[in-house]
Amino acid sequence: MKYSYFPGCTLRNKAKNLDDYARACAEKLGFCLEELTDWQCCGGVYPLGADEIASKLPSVRALNAAKEKGQDLVAVCSACYHVLKRVNDDMANVSDMQTRANNYMALSEPYTGETKVLHYLEVLRDVVGFDNLKKQVVNPLTGRKIGAYYGCLLLRPSSVMAFDDPENPTILEDFIRALGAEPVVYPYRNECCGGYISIKEKEQAGALCEKITQSAAGYQADCLVTACPLCKYNLSKNSDLPIVYFTELLAEALGIKEVQE
Amino acid sequence: MNKVDEIKQISGVNPLKCMKCGKCSASCPSFNEMDIKPHQFVTYVVNDDVEALANSKSAWKCLSCFACIERCPRNVQPGKLIDAARQILIRQRGQEGLSADEIPALLDEDMPQQLLMSAFRKYRR
Numbered sequence: 001m002k003y004s005y006f007p008g009c010t011l012r013n014k015a016k017n018l019d020d021y022a023r024a025c026a027e028k029l030g031f032c033l034e035e036l037t038d039w040q041c042c043g044g045v046y047p048l049g050a051d052e053i054a055s056k057l058p059s060v061r062a063l064n065a066a067k068e069k070g071q072d073l074v075a076v077c078s079a080c081y082h083v084l085k086r087v088n089d090d091m092a093n094v095s096d097m098q099t100r101a102n103n104y105m106a107l108s109e110p111y112t113g114e115t116k117v118l119h120y121l122e123v124l125r126d127v128v129g130f131d132n133l134k135k136q137v138v139n140p141l142t143g144r145k146i147g148a149y150y151g152c153l154l155l156r157p158s159s160v161m162a163f164d165d166p167e168n169p170t171i172l173e174d175f176i177r178a179l180g181a182e183p184v185v186y187p188y189r190n191e192c193c194g195g196y197i198s199i200k201e202k203e204q205a206g207a208l209c210e211k212i213t214q215s216a217a218g219y220q221a222d223c224l225v226t227a228c229p230l231c232k233y234n235l236s237k238n239s240d241l242p243i244v245y246f247t248e249l250l251a252e253a254l255g256i257k258e259v260q261e
Numbered sequence: 001m002n003k004v005d006e007i008k009q010i011s012g013v014n015p016l017k018c019m020k021c022g023k024c025s026a027s028c029p030s031f032n033e034m035d036i037k038p039h040q041f042v043t044y045v046v047n048d049d050v051e052a053l054a055n056s057k058s059a060w061k062c063l064s065c066f067a068c069i070e071r072c073p074r075n076v077q078p079g080k081l082i083d084a085a086r087q088i089l090i091r092q093r094g095q096e097g098l099s100a101d102e103i104p105a106l107l108d109e110d111m112p113q114q115l116l117m118s119a120f121r122k123y124r125r
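So the protein lines, in turn, are chains U and X.
Going by the working numbering, the first residue of the first sequence is number 1, and it counts up by one from there.
Going by the working numbering, the first residue of the second sequence is number 1, and it counts up by one from there.
A few of these clues could be false.
As the list claims (entries may be wrong) - So these bits of chain U aren't anywhere near chain X, every CB distance computed over 12 Å:
| no. | residue |
| --- | --- |
| 1 | Leu11 |
| 2 | Ser55 |
| 3 | Glu68 |
| 4 | Lys69 |
| 5 | Pro110 |
| 6 | Lys145 |
| 7 | Ser159 |
| 8 | Val185 |
| 9 | Lys202 |
| 10 | Gly255 |
Stated by the list, open to error - The following label-pair restraints were derived from C-beta to C-beta distances:
| no. | chain 1 | residue 1 | chain 2 | residue 2 | range |
| --- | --- | --- | --- | --- | --- |
| 11 | U | Asp96 | X | Arg124 | 33 to 43 Å |
| 12 | X | Asn75 | U | Lys116 | 17 to 27 Å |
| 13 | X | Asn14 | U | Ser95 | 11 to 21 Å |
| 14 | X | Gly94 | U | Gln136 | 51 to 61 Å |
| 15 | U | Lys135 | X | Lys17 | 33 to 43 Å |
| 16 | U | Glu210 | X | Ala105 | 39 to 49 Å |
| 17 | U | Glu114 | X | Gln9 | 20 to 30 Å |
| 18 | U | Gln136 | X | Arg124 | 27 to 37 Å |
| 19 | U | Asp240 | X | Phe31 | 23 to 33 Å |
I should point out that these hints are in silico values taken from the structure, not numbers from a laboratory.
Since the model is a prediction, treat every value here as computed from it, not as a measurement.
A virtual CB, placed ideally from N, CA and C, is assigned to each residue, including glycine.
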């Protein structure tokens with residue numbers, strides 16, 4: 001199975017572990033991520049203003065490029081996935097947005113939300129299957145107690161994201177279980193880390209992150225797993241609890257990355 | 001266009017749907033930081049007092065976590081109103097919440113590009 005792949009700005013730089021292991025594990029698991037040529041940054045946040053067009057165009061271009069290749073579009077970063085999926089929903093359902101965005105694009109055929117946007121975790125769950133993934137694990141992470149940190153962007157708003165139950169998600173716990181580790185369910189796993197506010201308001205982001213990591217530690221988690229570089233940054237800056245990308249755990253379990261203790 | 005129509009147009013929100021249950025404010029991780037709380041934001045728009053919203057600390061405190069949008073039983077989406085109040089500011093010259101000159105002092109070597117991109121989108125145009 002071949003997918004169009006949108007790595008995003010951070011996966012090329014500070015989050016190389018998220019990207020490199022995503023690609024290597026995909027190969028090992030038998031699906032292929034073909035990076036889109038000339039992709040542009042998604043902008044990091046979905047523009048909430050109903051009249052915003054220009055800030056959504058990089059996503060529209062990526063979505064249309066995947067459509068032209070006849071492929072689903074996969075993202076690994078929570079923010080890219082969030083922005084692409086919400087812009088796609090606008091292109092499918094908001095006629096004013098459809099018209100105005102297509103006026104910029106000058107395509108042979110207008111883009112109207114045809115591309116399916118998937119998060120890498122959805123490919124693992126719905127295409128590879130967690131039972132099948134479990135069979136391919138060579139270094140089970142036995143004895144590790146791992147807390148899933150979902151944050152905001154994968155889950156909300158669930159009317160558009162449709163990723164998992166927004167209040168009681170299970171996909172990361174199922175993923176952790178498939179790798180042979182024990183998932184730790186703690187109350188703050190879908191609370192906000194502060195997001196972009198940490199650029200200026202370090203104290204506010206710090207207080208939010210402390211609540212999250214202390215909650216997880218209180219339930220005996222050894223580490224937290226995330227799909228978002230900004231969550232990882234905010235949580236790491238405010239706690240000694242190791243914060244790892246889900247692709248790092250996957251690579252350990254599949255024998256691609258050296259096992260961490 | 002007056003400010004009330006502007007905030008309704010930018011946000012796409014109909015504040016009259018609100019039944020004042022307060023679930024948005026109860027869900028908000030920035031509640032303690034806000035002078036005008038999310039459920040009050042909706043009331044201020046109903047009462048045509050957008051000036052107060054644009055001058056409030058709250059416009060800059062929303063994290064865009066979408067908890068209020070997820071949990072609103074009437075699909076009012078208060079987070080979109082708060083973002084629109086911020087948009088009204090940052091679309092004017094000199095009103096942005098972050099200037100390029102401030103950036104170098106805020107950087108550290110672990111900071112992901114995503115943070116800079118997001119901050120530029122949220123604090124300025």
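Worksheet item: Would the least Cβ to Cβ distance between Val185(U) and chain X come out above 12 Å?
Response: The assertion about Val185(U) holds, with a minimum of 19 Å to chain X.
Worksheet item: Taking 33 to 43 Å as the hint, is the beta-carbon distance of Lys135(U) and Lys17(X) inside that range?
Response: Check failed, 50 Å falls outside 33 to 43 Å.
Worksheet item: When you look at the beta carbon of Ser55(U), is every beta carbon of chain X farther off than 12 Å?
Response: violated, 7 Å
Practice prompt. Could you let me know if the closest chain X CB is still more than 12 Å away from the CB of Lys145(U)?
Written response: Answer for Lys145(U): holds, closest chain X Cβ roughly 25 Å.
Fill in: Reported absence of Leu11(U) from the contact zone with chain X (all CB gaps over 12 Å)
violated, 9 Å
Practice prompt. Please confirm whether Ser159(U) is truly not at the interface, meaning its C-beta sits more than 12 Å away from all C-beta atoms of chain X.
Written response: Ser159(U) not clear of chain X: closest Cβ-Cβ about 8 Å, inside 12 Å.
Practice prompt. Compute the least Cβ-Cβ separation between Lys69(U) and chain X, then decide whether it is above 12 Å.
Written response: At about 26 Å from chain X, Lys69(U) clears the 12 Å cut-off, so the statement holds.
Practice prompt. Go ahead and decide if the range 39 to 49 Å is satisfied by the Cβ distance of Glu210(U) to Ala105(X).
Written response: Since the Cβ atoms of Glu210(U) and Ala105(X) sit about 24 Å apart, the hinted range of 39 to 49 Å is violated.
Worksheet item: Checking the smallest CB distance to chain X, is Pro110(U) really beyond 12 Å?
Response: holds, 22 Å
Item to complete: Please test the hint of 23 to 33 Å on the beta carbon pair from Asp240(U) and Phe31(X).
Response: holds, 28 Å
Worksheet item: How does the Cβ-Cβ distance of Asn14(X) and Ser95(U) compare with 11 to 21 Å: does it lie in that range?
Response: With a Cβ separation near 19 Å, Asn14(X) and Ser95(U) satisfy 11 to 21 Å, so the hint holds.
Discussion item. If I claimed the Cβ atoms of Asp96(U) and Arg124(X) lie 33 to 43 Å apart, would that claim hold in this structure?
Written reply: Roughly 25 Å apart at Cβ, these two residues miss the hinted range, so it is violated.
When each numbered hint is compared with the structure, violations occur for hints 1, 2, 7, 9, 11, 15, 16, 18.
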